[in-house]
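Asker: As given, the protein sequences belong to chains A and B, one line each in that order. Heads up: the first sequence begins at 13 in the numbering used here, then just goes up one per residue. Heads up: the second sequence begins at 7 in the numbering used here, then just goes up one per residue.
The hints are simulated quantities; they were obtained by calculation from the structure and are not laboratory data. There could be a bad hint or two in this list.
Unchecked claim - Covered stretches of chain A (in silico footprint by chain B; criterion: 3 or more residues with CB under 8 Å from a CB of chain B, positions within the stretch not fixed):
(1) 36-43
(2) 46-58
(3) 87-100
(4) 144-156
Just so it is clear, CB atoms sit at the ideal spot from N, CA and C, and this is done for glycine as well.
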Amino acid sequence: MLKRFFVLSSVFILLSLVSTAHKFYTSMTQVEYNSKTQSAEVIMNIFTDDLETALSEKFNRQVRNSDKNFTTLCYQYLDTRFSLKDAQGHALKNEYVGLEVNRDMISIYLEIKIPGGLNETRVKQVSLLEVFNDQTNIVNFRSGKNRTSLVFRSGTADIQTVKIGS
Amino acid sequence: MKRIFFFLSAVLLPFIVSGQNGYNQNQFQQLGETLPTPNNYRTASGAPGHEYWQQKVNYDMKIVLNDDNQSISGSEKITYINNSPDVLPYLWLQLDQNIFKPGSDSYLTETASNKTIGKTMNFQALENFNREEFDGGFKISAVRDASGKALKYTINKTMMRVDLTEPLKAKGQLAFTVEWSFNINNQKTHSGRSGYEYFEQDKNYLYEMAQFFPRLCVYNDAAGWQNKQFLGAGEFALEFGDYRVSITVPADHVVAATGTLQNPDDVMKKSWNDRLEKAKSASKPVIIISQKEAEANEKSRSKSTKTWVYQAENVRDFAWASSRKFIWDAMNVKVGEKNVMAMSLYPKEGNPLWENFSTQAIAHTLEVYSRYTVNYPYPVAWSINGPVGGMEYPMICFNGPRPESDGTYSSSTKYALIGVVIHEVGHNFFPMIINSDERQWTWMDEGLNTFCQYLSEQEWEEKYPSRRGEPRDIVPYMSSDKSVLDAIMTNSESVIQLGPNAYGKPATALNILRETVMGRELFDFAFKQYAERWAFKHPEPADFFRTMEDASAVDLDWFWRGWFYGIEPVDLALNKVSWYSIDSSNPELEKTELKSKRSKEALSISEQRNKSSIAKYRIETFPELADFYTKYDALAITDHDRKQYQKYYDALDSKQKNALQSGINYYILDFENVGGLVMPLIVEMEYEDGTKEIQRIPAEIWRQNNKNVSKLFITKKPVKQFTLDPFQETADIDLSNNYFPAKTIPSKFQLFKQEQQKKEANLMQLQRSGNL
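Okay, chain B solo, but in the shape it has when bound (with noise of 0.2 Å):
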């Protein structure tokens, strides 16, 4: 134990040690440099400025949906309104269908495997090759003015440039358009974020259609026209816009689409009419289309077709889905002032799970997200079970999970499917209505989403399985060497590992800014702020940093430098605890304590051997040596000591005299940045009366030192154990240096192993069968 002296009040001021090799290596330089200057249409603060515009386009399609030989083709109006203050001699559309093109450079691109050759061909393998002869990709047939003349266009790959007879003015407006059809991808062979699912057992096709007309790309201040290739990860720019859609399928079909449809007594039945009626003041899903229903209609062969009209009012995208096989629920949420009808389809393969969570977990996510960001603009939301994984469009979105054939579905099924619809519905509002470049950075729209996924699904029930969101669980990616790790700030193509990178990471990174650096209240506004601004708008990564500030007055910069733009881990160390407590200058004390300690110092290895090896001392041989320094005890209290200390004790004022008797513990930690990423320290206290106490410090400790720094905490009863980040809250990737004392903990595998879990098999199978 050490000692100082009583009077420190220097003391209580943060320790800073060393200086700085160097302004620019700082990670609380500002960011200023880095993000774009801001101009009249993207102020400083965040927000669009005065002079923000962005074009607008508008859609009245007529589809046809072949179902022989799974074919559509299509007509499209496109009313172009030029909003920019440019003239644009030529118009891009995006051809997503061409990455099912043979040749295109989707596949182009693809590394090669060394597994692909060889004699071991697998059935990857020999899939791609059969995906080589799938004639797909857009068949564009005409591109029009509106006076019928033909327009001439240029296809490089994925995009289409349309050249105008006349370049378009700022602020004036033009239509034309364009017919086209493709053959539909079988989802299940040459995947695809849309697609048909083909039904073996009834000989039923399901479709989830997007991507299917020519679109417009997305021109802007911040990126001109849009135009970067389509490679398959990088999903899409789009503009704003109002669509009238027609939708001819064979007359059994059921069809649902963004937007709302125009003539239900057209084309459904009454007494689907009537009970979506009552569904709209519904506080539970009620049944449309029943299962028996569905089963009966999957049987039927309609010669005939019916057409389906959707109307949807500011989207920036449309897709659709039909089949006979479909059942229906739906319910009414109620968001804001308004009704929103949260709807389901689903073949039987589906059931029991989808008619159990699917549209629960829809109205869900409205209400969730509906707090945290903007209310839910939009009449509908629309979940789809067929053959893609997950995906999500303007009020519909595509999802996959499915029960096994025997009804029974284990629990990570279960989970998986609420997971996704949270997921794939809480896309309409990150990147549909706030809507992001995705084609430049998946995490705006992915990292935010996934973040709010977390917010919902720990609101569903308590303790949720989310998969993405806790601290502790990015640790195996953060911990990765640099080699494999991107910043978030990459585009989207380029990223080695999209999951973590640009859903797991920027979703941890959102919940450690919300729990640990800015505190729930501060968060929740300026990220509300950011979703309201930015409603309905073309928001950059600029965007979304400078509002998160401007809203909260923290200073976020080290934070997004470190968690956006860097790869490296959080690794906080506490090296070193000194303790010091007061010198009571009290002799009886003093003394009497440095002499206990005294004793118990160990005696050296020599001192211990001599003391058996010398028979005898000179002194003890000739007495004649000893003097008065031998005989001396300078810990041996004396009346002058008392009067020294009666002196010293008589001068203190009460206030001083009271702080001598408290007891006070002075303790200097040492805290490194082992990791580089510079995070708040949280410090627990565990007393030796087993009490416990949290100190949260800000990251701005580690302002003018980014590597050590010492901070003295002072206590009143003495400290048995310090932990740092006892609560795992900063994704810190080594705890074992986090103890003081050091403490072994078990790790996972340890625990693991301890605990010998069983596998989670599929229970409600086990249970039928009577194995439970």
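If we strip away everything but chain A, and leave its shape as in the complex, we get (with noise of 0.2 Å):
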């Protein structure tokens, strides 16, 4: 069985949970530390389906990722759903540089200025966990040889710190 290459036929009808025949709900995000530009360089993949069940129901109506404002649409819905505060806890910017779609999966660029680094930022990313009960975000930090991992899924905290060193 492969992962779902599901068809929403309205907002109205969603996946459910028991969800034999699609169970991988998972999204990974890259986020690496450029110390030359200071920012945190992030690559977000997330299923193209799942994320246009998302924006369909926070939007409502159907959002297709071939519609004219997805990109729009898709940067409004991260920006509630996906963010970084220093460790300080100042909110970031999200800077968005554009997506791609990979067949059914969408990756999403995007830069935040985070000139104190990684360590101890406090991070977000509960993108689609509102839609799916078995949804799994996976967020795998780099910064220079260090490399530490966030999950979030049902039951962990919204927001977490990222420990890592420089």
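Combine the two chains into a complex, taking the hints into account.
Answerer: Dropping the structure here:
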């Protein structure tokens, strides 16, 4: 069985959770610290149909990745679901670079200025958690040679702190 | 630049540094203690043993579909043939529909979301509550023995034990009957691996039916009764057998099923039969039921019924699809000496995507997979479009992708369809023919199948955008923290990320095994050997691991240990390169070079400052302090030097003289295994003249020290750049430590930022609206 190729027929018909045929609700986000530009470079990989479902629910109409304003909706949505705060608790701005659709995945590229580095950064990655009970968001951080991961799923804290050397 | 002496023959061997801190931690420790002990059923070579046995279960079924209330009722006569050496007092049957029973374990063991309760209840939470109201699950009305006497049975969730009046003797067989009914789940709201879809516009139903009958569990030497409960993720373990199934549906429905249709004249229009006859020799898809005919048919509401009779030999399961809405196309595929019908059924909502690609993708799959495994043994292969996203059964599979309602589709939808058809048709080989236990090991069918899917996709068109298979695509998963990773050898239901774990990682591992570790020739032979040995049998993981070694003479225990039993990633580093060249002993060359080197050495900070701060040295004030040593130049070339050299040179033989003049370079490269997973070293050397050379060193270089190794490379030309894993074939998660001299490589992020790629929209739509 393959990961769902699920076509939404209306906003009100959403995937449910027994989900025998559709089990993999996973997004994977790579956050790499670029010390030259002092920013976190983020690539978020998310299943296209899941994101469409979330956007459809948020904006209360059927949203497809081929829609003209899809990118805008996507950024609006992510601004509420994915964010970083620096070690002092200051909110940081998501600067979106672009997105690309690659078969059933969408990769969203964004940059976040964070001069103090990744350590002790507070991260929120609750994308899709409001839509799918089984959703798991994995965020991999890399700063120089150091790596760590955070996991966001039902039951975990919405905001978690990165512990990583520099 | 360091120097070493000329007569160095010992350095031609690799340097192996330092020892090991314990035998058991060595990656090259043999797997023998981990794998089950070989026996008469399964040999140490990975083949079925001389006493290998398996059960056979035949089904004779009568099924009635009620289109008015979306339910089915059925009766089956099961013939159980006990080929085991064991006496069986009871039999276990699977009742998969019971996961739709209110209060099923599948529902109960869902982990709750904190979003489910509270003010902001979402649609899915709502749907979950509705789902609880659905009256799903098997309603068993009778279980009787051959004489019609009721048999005692006990239902434990998704499993049913039937107690036999007399224990079934070894090599004996018995027949019994089961009668049942159940309400069919709406797949779009209740999900599931089968179910119906309702089309609001024309008020029709489309059924994709599977797990619709009580099925025997596997009983074998490896698992005993495989009656592990069905929770939803772990698929199935099933016995082979022969099926005869009569399916009664509204007279205007078209039915596809596992097997061959026995009564085409009773159920099909003559014109369809005639076209089907033509399709039997067609090398391209032929339309059997056109879209126009299907659209007319979906307006019909027949009150009478027809019974489609399908028969299948030596299959492990049975599934079917039924609707008024179906368009049908078919073509012939030649597999070996046999002709196979590749056929697709789809509603108009699937067009034009489906008529363009589905049947061709079936044909392509059968051809490619047959080459790498065994010839496709069945007479037909169906691909059906309906509510299910992608699910496989013998000879038939259900695939979801559809175009937009205006008939356009994005390229991602197109490749989603081709990919899912290849994948689900490919499942005919793994696990329908090479019949592994899916409930226990997802990777044995999904991993092997995804690997073959990758091979097939790459033969569809150049640069086909395969999602899984390329080593670089598994890197994000492999670089995750260990807390979110499971070994491939983890039970299906317990895996955290089933997609990358059971599909992506094993498929990539096999691709690496084929391209980088074993080579295509050895791999392909061994992989085919595994398929041939276990076709129509029940293989276990050890049978695969052992066969791949048995047929290739490649010790792969380290590979299985690292990729299948471990969670460590590949991160190999090229830490240091030391350059040695030959000492010519010629004072003209050596002393001159040393002199020039000395003159280039930077002055220390004190030396620089002293130059201006010391007005006069003492030796200048008192010249008598200067003596022989003050004037002696150690690097001056003397006659004595020249004589000595001539003497040395004359003593060399011609071979040595040639070597001396060749200017050979010796490089010692220090490698570190940062990630933990040992892999071959692939080293590219780019010479100063721009030419390149690759050296491939087997993983066994790490056999005595899994952490650090050094290796000598000898080149005629000086090397400008060393690159480790230049083609990214090992899934190395960190390429920044793969270069010497170190190189900054732009990240994927930086590349994207530079390109500022436009998102890939539905280009067909843009073209139609004149915006392209």
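Asker: All hints are to be evaluated individually against the structure, with a verdict given for each.
Answerer: Verification of the supplied hints:
Counting residues of the stretch 36-43 of chain A whose beta-carbon sits less than 8 Å from any beta-carbon of chain B gives 4, enough to reach three: the coverage restraint holds. Under a criterion of three residues with beta carbons nearer than 8 Å to beta carbons of chain B, the stated coverage of the stretch 46-58 of chain A is upheld, 5 such residues being counted. Residues of the stretch 87-100 of chain A lying with their CB closer than 8 Å to a CB of chain B number 0, which falls below the three-residue condition for coverage. Taking a C-beta to C-beta cut-off of 8 Å, the stretch 144-156 of chain A contributes 7 residues in contact with chain B, enough for the three needed, and the coverage statement holds.
Violated hint: 3 only; the structure is consistent with all others.
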